Each structure stands twice: as structure tokens, then as C-alpha cells.
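Please model the entire structure based on the sequences and the hints provided.
Just so you know, we're using the UniProt record's numbering here: the sequence shown kicks off at 1 and counts up by one.
These aren't lab readings, by the way, just hints derived from the structure by calculation. Predicted, not measured: the structure shown is a model, and the values here were computed from it. Beta carbons are placed, not taken as given, at the ideal position from N, Cα and C, and that holds for glycine. Treat the hints with caution; some may be incorrect.
[Unchecked claim] Straight-line alpha carbon distances no greater than 20 angstroms define the calculated PhoX-like cross-link-like pairs of lysine-lysine that follow:
id, residue 1, residue 2
1, K294, K274
2, K593, K606
3, K141, K97
4, K639, K606
5, K294, K270
[As the list claims (entries may be wrong)] Simulated DEER-style distance windows between Cβ atoms:
id, residue 1, residue 2, range
6, L130, A298, 23 to 33 angstroms
7, L467, P190, 51 to 61 angstroms
8, R222, Q252, 39 to 49 angstroms
9, G443, Y194, 48 to 58 angstroms
10, S304, K613, 15 to 25 angstroms
11, T251, T189, 10 to 20 angstroms
12, Y194, P332, 15 to 25 angstroms
13, E395, G372, 24 to 34 angstroms
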Amino acid sequence: MLEVISLTVEVCGKRLVPYIDDMVKILERTIVDPFPDAKRESCKCTISFAKTVPEHFHMQAESLVKPLMQTIAHQHSRVRVAVIEATGAVIQHGTGKNVDDVLSHLAQRLFDNSPQVRKAVTLVVGDWLLNLRDRYSYFHKLIPLLLSSYHDEIPEISQMTADLWRQVGAQWERENEDDLKDKMDFLLTPPALYPPGVERPGLGCRELVVRNLSRLMPAVSRDMGDWLVGTRVKTAQLLALLLLHAEDHCTQHLQPLLSTLYHACADPEKEVVKPSLGSAQLLGTFVGPEALLKLLLAHVESASSTSPSAPWVPLMVLRAALRGSSGEALHPHLQRLADTLALPEVCQETQQAVYLEQVLECVDALLEVCAGDSISSVSLQLLKVLISVESLASEEEIRDRVEVCVRSLCEVQGVSAVCEVYRRHMSALLEWLSHTHHSWTGGSLQRTQLEVALVRSGPVIGEFLPLLLPLLQSCLQPSRDPEMRLHLFTMLSKMLLNAPHTLDSQGRFHEHVDVFVCECVLPNLVWQGGRTAAAIRTSALSCLLALLTGGAIATLQLLSFEDRLTPLLVSALDEDSQMCRLLACQSLSTLLKLTGADLQPDTLNKIYPEVLKRVDDGNEEVRVSALKALGVWLSSLGKNYNSQSNQPHLEFLFQQLLLYLDDPDSRVQEATFEVLKAGSAVHPSLMQKEVEGVRDKQRCPIYCDKLLQHIQSVS
Numbered sequence: 001m002l003e004v005i006s007l008t009v010e011v012c013g014k015r016l017v018p019y020i021d022d023m024v025k026i027l028e029r030t031i032v033d034p035f036p037d038a039k040r041e042s043c044k045c046t047i048s049f050a051k052t053v054p055e056h057f058h059m060q061a062e063s064l065v066k067p068l069m070q071t072i073a074h075q076h077s078r079v080r081v082a083v084i085e086a087t088g089a090v091i092q093h094g095t096g097k098n099v100d101d102v103l104s105h106l107a108q109r110l111f112d113n114s115p116q117v118r119k120a121v122t123l124v125v126g127d128w129l130l131n132l133r134d135r136y137s138y139f140h141k142l143i144p145l146l147l148s149s150y151h152d153e154i155p156e157i158s159q160m161t162a163d164l165w166r167q168v169g170a171q172w173e174r175e176n177e178d179d180l181k182d183k184m185d186f187l188l189t190p191p192a193l194y195p196p197g198v199e200r201p202g203l204g205c206r207e208l209v210v211r212n213l214s215r216l217m218p219a220v221s222r223d224m225g226d227w228l229v230g231t232r233v234k235t236a237q238l239l240a241l242l243l244l245h246a247e248d249h250c251t252q253h254l255q256p257l258l259s260t261l262y263h264a265c266a267d268p269e270k271e272v273v274k275p276s277l278g279s280a281q282l283l284g285t286f287v288g289p290e291a292l293l294k295l296l297l298a299h300v301e302s303a304s305s306t307s308p309s310a311p312w313v314p315l316m317v318l319r320a321a322l323r324g325s326s327g328e329a330l331h332p333h334l335q336r337l338a339d340t341l342a343l344p345e346v347c348q349e350t351q352q353a354v355y356l357e358q359v360l361e362c363v364d365a366l367l368e369v370c371a372g373d374s375i376s377s378v379s380l381q382l383l384k385v386l387i388s389v390e391s392l393a394s395e396e397e398i399r400d401r402v403e404v405c406v407r408s409l410c411e412v413q414g415v416s417a418v419c420e421v422y423r424r425h426m427s428a429l430l431e432w433l434s435h436t437h438h439s440w441t442g443g444s445l446q447r448t449q450l451e452v453a454l455v456r457s458g459p460v461i462g463e464f465l466p467l468l469l470p471l472l473q474s475c476l477q478p479s480r481d482p483e484m485r486l487h488l489f490t491m492l493s494k495m496l497l498n499a500p501h502t503l504d505s506q507g508r509f510h511e512h513v514d515v516f517v518c519e520c521v522l523p524n525l526v527w528q529g530g531r532t533a534a535a536i537r538t539s540a541l542s543c544l545l546a547l548l549t550g551g552a553i554a555t556l557q558l559l560s561f562e563d564r565l566t567p568l569l570v571s572a573l574d575e576d577s578q579m580c581r582l583l584a585c586q587s588l589s590t591l592l593k594l595t596g597a598d599l600q601p602d603t604l605n606k607i608y609p610e611v612l613k614r615v616d617d618g619n620e621e622v623r624v625s626a627l628k629a630l631g632v633w634l635s636s637l638g639k640n641y642n643s644q645s646n647q648p649h650l651e652f653l654f655q656q657l658l659l660y661l662d663d664p665d666s667r668v669q670e671a672t673f674e675v676l677k678a679g680s681a682v683h684p685s686l687m688q689k690e691v692e693g694v695r696d697k698q699r700c701p702i703y704c705d706k707l708l709q710h711i712q713s714v715s
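Structure follows, in C-alpha cells:
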């Protein structure tokens, strides 16, 4: 029956005008017929009838909109295509009042799984933009529908969209030629930083977007927050396309554009974020830095209020905008950019990895875009930013990226090594950190910043000891925060173990060693109750041992404060902490190596009994370390030590050591044997006498026999 009606329309043509009401009523019913083929034939008949009697069809066209929209989501894709095509004809030949009634339905079909359906929507919307009588009133609603197909996954649809859009722009350009006369001459040259490899839209297309952008932006902003991922993706792609057309006219819409981009860049879907960053880059290309940075940097400074749930988003937009700009354009604003990034509320805002990554991205973008001499003027600020990021980072990956950025900072300035950048700025860095050092605690970021600066500067820090030592002296006072002192001593221990390449790189640490030991280390070795105080003493001992073994202190300097140091080390031998006792033994051993030959007998005789007690320690490592210290004590006895006049001390020491020669622990036996060998060189006859006196009393006289043989061989 429907085929007969279609044939009737084809044959009779305009003679059906008297029956237009009947025809429309029939189509109203057949369009919603349950049978899919009936729906398709009805749509075909509708198109034919609308084209046959256009001058009369508009009076009844409105009646067909409702049944068509009821059918547009049919499960069969061919039915959906037919309905969309029929909708195009009904609106085209209607009064134009029903465009709003169909737009939302057509927009939903842009997400259809069937490429044919999406193609049909694109063709219909393109036809309306070209031929709809009242199209100028609907440009702001139709343009986004057409351009949404610009990035369709099917190349045919994408290319068709581009062709239709060019036709729309060219037609509008012809229709408004008089208004465009002035622009047609000087708007033909693309902007200097136009994206490479991108075809610039025609003047008509650009003007259409420019004149409708203010009406498009509210819808774009709204759809960027849609609950459907597909809608947000298409909206993000559309925004980038609109900005490509708007070019420098984006400036007058900066505030809503930035708000929209912040929302988009915070999206959890990468497919939304990627085109949004492309939009931000286009802003950097087309909008002058003066206008853009005025808003953008203010948002970066107040990120927690601008984007509370994602404070890193303004930084994301900033780095994309920087990459879209040029070094020449940014040069006048470089100081302000660097100062903003170096603000505590920016580079020290949070420990979130994603935030720190965006700070690094901004620095990286600046180094890339503004490479050359201009970076030297902001090198200090950027170094502060990088130090702050490394201080906050808990992920190794971020710390590695900081190193890469620091090397880039060197390269753009023509500096060969990282330490050279620190050499340029170390004075300023230490001054920067010194401003707040009186309020530092263990959790202070500034304390971590100091550690990063000292460790990363390598040998350079040896050139700035006059600035560093007062800072350390203040921070290591016993009245200061214990956790902070603990961290600083740990850092200093590592540096002093490698003193020739850190603190003593210039061979000048000896000029400050008295202050360092007497004002920084020794006050922290004085006994105080509590576990925290014990931990501080342990870390201070570790630092002292590193100083003694690292080669940064001379014997004469040690002797100048030995009388203050030795009692504290002896006292530390009785600490509850096994590590503290071990470090005390090792420190005394090293001290004796360096100064033993110059120490007075009375001083030496006060040391060995306390060390001897530790041979009975409950920890094996402490026992062995104490024995090694006693071996050093015996080996370091100099000319001042008369073995005859001090024989009672030696006799007591030998007798006690011989007890441990029969110890159940083989390590202790071996260590004791080595100590006694050293003792035999001090007083051989006394040693032989004592060994012979205990040989028969020991469970295993092997070591006694070996010792006697050794004495015989050296006599």
C-alpha cells in the first residue's frame, strides 16, 4: 500500500495538493508502524512528497515531526537512517519552527554505533546549513552538530564533514562579501605560530565561528560536564576545532574558556584531556601572553580555590599554553612566570605526584620554548622550583625527572655540569633557606630543600662553608627540634664520608672543623634521658665517625679538643643502644689511630678500662669492635708511654684479654689473638709470663701456643 502511495506521489505530483491533509495523516500513522519496512517506505514517501509540493507542504510539516522523533531511535540502523533523511526534508520544507524539536535527537545520533546513521546526520545538518531558509538564526545550533563529525573515526565521514563545512563557509563568504571586504586582504596570512601541518580554515568558516562563539561557549561548557564519556570527548574535540577557527578572537572569551578547560583537564578520561590540552596550546598560540598570563597565573597562584578537587589543572593548562607560544613572545613575561612558579603556594602546594609532575612540565615547557640567554635571568627561580619538587617527591620517577630538568637547565644556559648551576646560585640558595631556619622542624620542607641543595651541588658546597656553617650551627643546637637534628646528622655523615668531593672539596674544611665539632657535634653527645635523645647521640656519633674516617680533620686539630671529645666517647660506651656503643668503639678506635701517639699516658690509661668493659657486651659486633679498639690502643702507644712505669696497667689488660682467648665465640678468639699480638710488641716479657701462667688453665691452649711462638719469633 505504501509503495502505491509513493508511486502516486511520483506520478501525480502537484495534483496531490488538495489531498495534502490526507497524505500527512496517512504518513503520521505509517511512520510509527511496527513493521520496519513500512517505516522506511513511509520516510521515503515523506521525502518525495515534501520535494513535490514544497510550497504547500510547510503548512502540514509540523505534524510529522513527532512521529519521526518517536522512530529515530529504532533498533534497525536502516530505519534510523531513513528517519534522519526524512527529518531533513520535513525541516527543510517546513516552517523552520521545529528545528529545536529535532536537534537534541540528531545530536544523540552522532554517537550511533552505525557509521551510516552518523553519516546521515552529517549530511542532513550540512544541507540545512547550506539551504535552510532561516539558517542564519540557527547557525549557533547547527555548527556544533556538523563540526562534531569532524573527528569521526570513519575517514569518509570526517572528510565529508570537512567538505560540507568548506562549502558552508564559502557560501556564507559570498553572501556577506560586502562585510568582509576589509578582512579579505589582511586575514589571508596565517598567524606566525600557526600549528604546523594543519590546514587553515577558510575566511567564511572562521567568521562563522567568531560571530557565534559567544553563543556556543555556554553549551560547550555544559556538555564538558556531561555524565557520558562520549559526549565529553566530542565536546573536547569540538572546542579545539572552534579555537582553531576563532584564532585571536579567543581573547574576548578567555574567562569562560579557561574555566571550561580546567573542568576538561580534570577529567579522568585521557580521551577528554588530550584534545583539551590541545585547546590550551591553541590559546598560547593565538592569545597574547599579556592577556592570557594575567588570568592564568592568577589561577595558578590560587589553584586550591580555582580547582579545589584538582589543583594541578591550572598548571596543566599553563604548560600547554607555554608550548603553544614562542620564546620571543614570552620573553617580557619570563620573570613573572618564573617568580610565580617559585612561589611557595605554587611549587610547594602539595606532595601529590600528579601536581608535582605538572610543575615539572611547566619548567620543562619554559626551558624548551625560551631556550637561550633569556633563561639565565630566571635560572635561580627555576632551580628553587626543582629543588622544592625533589624535596616533596616520594616517587623515584619524579626525582629522576627533576634531575633531567636540572640538566636541561644547564644545557639551555650552555653550562657543562650541574654543579656549575649550583655554583652560580649557592649563595642565593643558602640565603633563601636561612630566612626561615629558626622555625625549622623535622617536617619542614626547608630542611629537606637544604639537604637536596647540599647533596646535588656535589663539590661546590666546599666553596660556601662560611655561609653553611652558621646555618648548621644554629640548626644543630640541642634546643632545636630533635627530628631535624637527626636528619641533618644523617646527611652530614654521608657527606663527610666523601669529604674530598663534598665539604672538603677545596681543602678548606679544616678552617671550620673546630666550630663544627665543638658547636655542632659535641653538644649533641652530652647525655640526656629519653629515646629521642639517645637517637640524636647515635646520629651525632655517626657524623663524628664519618668526620674522623673521611680525612677532613688533621691530628693537631683533634688534639685541640681531644680533652672534650674523649670523655663523651667513653660515656657513650655505656649507652643502652647497641648501635651507639658500636659507634663509640669505632670512634675511639679511629681517634686513637690519629692521636694515640701524641696522647698523655694518663689519658690513655683512662680509655682502655672502659673499652675493655665492652668486650663483655651482649652484642657480638660491639665485642669485636671493642677488641679492635684495644688493638689500636696498644699499637698507638708512643714514646710518651713508658711500658715499665705503666706495667700494672699492661699487666691488668693482658690478664683480662687472655680470658677472652678461651671465649666460646671463635670471632672473639681471633680478635683477641690479634690484640695480644699487638700487646706482645709493647712488653714481650710481660706478655710471655702472663700467657705461660694461663696456658694450662684454658680449655684449648692452641691460641696460647701460637702467641708464644709469635713472641719467640719477634724476640
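In rising order, the numbers of the hints this structure does not comply with: Structure breaks hints 1, 5, 6, 8 and 10.
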